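**Q** Protein chains in written order, with this note's numbering: chain A, 1 to 201; chain B, 1001 to 1249.
One or more hints might be untrue.
As the list claims (entries may be wrong) - Simulated pairs of lysine-lysine, DSS-like, Cα-Cα distance not exceeding 25 Å:
hint, chain 1, residue 1, chain 2, residue 2
1, B, Lys1206, B, Lys1170
2, B, Lys1164, B, Lys1177
3, A, Lys191, B, Lys1164
4, A, Lys123, B, Lys1224
5, B, Lys1228, A, Lys29
6, B, Lys1249, A, Lys126
7, A, Lys126, A, Lys193
8, B, Lys1164, A, Lys193
9, A, Lys165, B, Lys1099
10, B, Lys1164, B, Lys1196
11, B, Lys1056, B, Lys1170
12, A, Lys191, B, Lys1184
13, B, Lys1184, A, Lys123
14, A, Lys193, A, Lys123
15, B, Lys1206, B, Lys1056
16, B, Lys1099, B, Lys1228
17, B, Lys1206, B, Lys1196
18, A, Lys193, B, Lys1228
19, A, Lys126, A, Lys29
20, A, Lys165, A, Lys123
21, B, Lys1196, B, Lys1228
22, A, Lys193, B, Lys1099
23, A, Lys193, B, Lys1206
24, B, Lys1196, A, Lys191
Keep in mind that the hints were calculated from the coordinates and are not lab data.
On a predicted model such as this, the values are computed, not experimentally measured, just so you know.
Each chain, written out:
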Amino acid sequence: MHISDGILSVPVLVTGAILTAGGTALGLKRLRHETVPQTAILSSAFFVASLIHVPLGPSSVHLILNGLAGIILGWITFPALLIALFLQTILFQFGGLTTLGVNTFNMAFPGVIAYFICHPLLKIGKPHSITLAGILAAVIGISLAGLFVALELVFTGQGFIPVAKLVLVAHVPVIIIEAIITAVILNFLHKAKPEILGVDK
Amino acid sequence: MLQEPFANGNSFIHNLDPRIRILFAFFFAIIVATTWHLSALLWAFFFVVVVFVLTKLNMRDILKRILVVNTFIVLLVIILPFSYPGQVIYALGPLTLTKQGFFYALYIFLKSNLILTCVILLLSTTSIFSLAHALHHLHVPSKLVQLIFFTFRYIHVIYRQYQKLMRAVKLRCFTPKTNIYTYKTYAYLVASLLIKSYDRSERVYKAMVCRGFQGTFPVFRHFKMTTKDRLLSMAATIYLLFLAILAWK
Chain A
1 MHISDGILSV PVLVTGAILT AGGTALGLKR LRHETVPQTA ILSSAFFVAS LIHVPLGPSS
61 VHLILNGLAG IILGWITFPA LLIALFLQTI LFQFGGLTTL GVNTFNMAFP GVIAYFICHP
121 LLKIGKPHSI TLAGILAAVI GISLAGLFVA LELVFTGQGF IPVAKLVLVA HVPVIIIEAI
181 ITAVILNFLH KAKPEILGVD K
Chain B
1001 MLQEPFANGN SFIHNLDPRI RILFAFFFAI IVATTWHLSA LLWAFFFVVV VFVLTKLNMR
1061 DILKRILVVN TFIVLLVIIL PFSYPGQVIY ALGPLTLTKQ GFFYALYIFL KSNLILTCVI
1121 LLLSTTSIFS LAHALHHLHV PSKLVQLIFF TFRYIHVIYR QYQKLMRAVK LRCFTPKTNI
1181 YTYKTYAYLV ASLLIKSYDR SERVYKAMVC RGFQGTFPVF RHFKMTTKDR LLSMAATIYL
1241 LFLAILAWK
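Just chain B, with the same shape it has in the complex (with noise of 0.2 Å):
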């Protein structure tokens, strides 16, 4: 689960700049999720095909990520239809489904689903390493770039230690149940947890001040945008201002 299947591969998208990448996909996700015509997210639509075909993945496994996370979205589009109030188009019983909550629905899956393609496709080809040194590129705070950095190598190391404590309550024939004694056991095994966190995360700054932190990281590499980057971005920064001229109209 906490692998990042997308991260590796050898494509056009892949080998984009980090820093555009998360421009690209903030913007388009600003278009997208403020707009409310329908031809804004058909060309929307077309940059996802395009940066798809681009990232050179497998298509299969994309559309069963995008099913995953869409049990909320169908959620609120099986209800919407029927709650938003507008013209009626049918009844069944005390149900109606109206004209308006139809379209409310329709525009709310498509808007949802493209973005999170596009996340995919933009972000998640990255790793989450280079994300943070681009975002550090990008002048975000750098607290916030170390806490990303720290808590993403941790929460492996962290998650081996709960499935080693896992692996220990169910050996002394421990099963989940619903009852007081099934969330007390939780209860205690997150504590240790936190606990076995603590004591590591004072164990690891110690080491680090050992080896001369001093609270700050040296950047050594530095991005290079290359004509490939350049040539890319502008076309895509025109087609978004195109989406976002189309977009709100």
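In isolation and in its complexed conformation, chain A is listed as follows (with noise of 0.2 Å):
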């Protein structure tokens, strides 16, 4: 969920941007200029893969894979989602310019997370370490953006809480939907292109 304009404070803004402003240059910093094509058209897969709606009984939730962006791009994964974002603000104004600090850190950073939990999973190579890790990628990058937002709310004010709390448990049915799309994602990657996942067979 990206918060819009005009909700937050300003402390909590300021931090979310200086929080971006950092990961996303150690991300660039791991970038080499070669592979910025490569980077880029994984990150448009990802920017596509977000507007894929999955059903969800009678309404539909669309996917998000930060824990499996994350896994795949490590810290990059800050300029790539701040970038998606950055895109999603101009072309349909999902998100904000002021909050495009925090919406990147919310979805960014539980990637990164994501990425040195699940990696020595990976390495393993055995099928139910793989659907291990696609499981906790998802936990950890769902659970942990929709605690950022909630706690972002609440910091701005208590007047909030309830709000909070209503984008807690919205997330937990698309942590269940991610966790199993996940794990299928890396099973099927690991057979047949495990170097995408940074791993050699």
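Fit the two chains together into the complex; they arrive one by one in their own frames, and the hints show the way.
**A** Structure follows, in structure tokens:
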């Protein structure tokens, strides 16, 4: 969920901007000039994946896959998602200009954490460990993203507590769906194209 | 969904130097997002109206866009007056409407909508490629600008690829439902999308190297400020300064 402009308080906005600037700087440092086109094309694939709506009861949810993006991109998740969010702001006004920092941090930082936790599991290379890595990546990615949004709302004002609770509850079904999907994707990628995941067979 | 419906136009704003537009949209957003004065919001509204008139865009198209984006904001605006502590002005069973909550919600509604309208009017009226170009001239790190350029360039290609895959599964009688089978199908779809994109990126990179790519883009065209640009940006700067004084007094 992306927070719009005009909602969060100044300290929250500034903190988000500083953290995202740091993460983006780290990511750009790791990004070699020659790999810019490759990274960009992968991040457009994640952008397109986030436009996919999967059914959930009478409604639907769109894929986020920030955990999977984290596993594949590492620290480069920060610049990749910063750009995805920037494009969303310009193309269809999801999110906002002043909240670019906060929203990027909410999505990218859980991805980076997923990278550090799940990579050792992928290196083991057994189907069970890969499934576990997928489930963990989704749980970490989505639940932390939801938690960050909720915390930012609460830090902005006590009046936001009911909304923050609602945000947390809304993330639970998404976690389950993403866990299934991420686990299947990781198994598929590990069989068909392990170099995307940065593990050699 | 990936089109840029407002980018093609011929107006004062469309022809304005994109660098100036980025700066003004950015400062406008910061001023409006941080203010708690109704008078500042009123003057900000006047700014948006003037820019709107200058863009010559269709009011209905813009309102439609604003309406779609408002779902999250409206959710907040409905809940906030009842959850914000303060002086109770209306009680309906366990729900209590507070005066502070009502005004807080009103401010959020106005601020969000003013900024998003300004983003539509100033930034969505430029193509993403000229925005990337302008960001380059505003000294945004060149790797970041290249990422914007390539990502946007390939979103369309990969979206078409996605539609192709979707058509293929639909031809095989796939109907999305809430079950494991559906989720697995989507997972395979995304996985093959990622693999195809990865392979494509290698081909693209090799093709670029064959054509002499060395990691940087030479920029041939530079933006040039016209007298019109200078006059308009001077007027807008004065206006935004005045707005900032009102907003942060």
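**Q** Are the hints correct? Go through all of them and say.
**A** Comparing the hints with the structure gives:
1. Lys1206/B to Lys1170/B: violated, 34 Å
2. Lys1164/B to Lys1177/B: Holds, at about 20 Å.
3. Lys191/A to Lys1164/B: The hint holds at about 23 Å.
4. Lys123/A to Lys1224/B: violated, 53 Å
5. Lys1228/B to Lys29/A: violated, 40 Å
6. Lys1249/B to Lys126/A: With a Cα-Cα distance of about 62 Å, the restraint between lysine 1249/B and lysine 126/A is violated, given a limit of 25 Å.
7. Lys126/A to Lys193/A: holds, 15 Å
8. Lys1164/B to Lys193/A: holds, 21 Å
9. Lys165/A to Lys1099/B: Holds, because 23 Å separates the two Cα atoms, which is no more than 25 Å.
10. Lys1164/B to Lys1196/B: Roughly 12 Å between the alpha carbons, so the hint for lysine 1164/B and lysine 1196/B holds.
11. Lys1056/B to Lys1170/B: Outside the cut-off at roughly 42 Å; violated.
12. Lys191/A to Lys1184/B: Within the cut-off at roughly 16 Å; holds.
13. Lys1184/B to Lys123/A: Holds: lysine 1184/B and lysine 123/A sit about 23 Å apart, inside 25 Å.
14. Lys193/A to Lys123/A: It holds: about 14 Å lies between the C-alpha atoms, which stays within 25 Å.
15. Lys1206/B to Lys1056/B: violated, 44 Å
16. Lys1099/B to Lys1228/B: violated, 46 Å
17. Lys1206/B to Lys1196/B: holds, 16 Å
18. Lys193/A to Lys1228/B: violated, 55 Å
19. Lys126/A to Lys29/A: Distance of about 32 Å is beyond 25 Å: violated.
20. Lys165/A to Lys123/A: Judged against 25 Å, a Cα distance of about 37 Å means the pair is violated.
21. Lys1196/B to Lys1228/B: violated, 47 Å
22. Lys193/A to Lys1099/B: violated, 59 Å
23. Lys193/A to Lys1206/B: holds, 19 Å
24. Lys1196/B to Lys191/A: Holds: lysine 1196/B and lysine 191/A sit about 15 Å apart, inside 25 Å.
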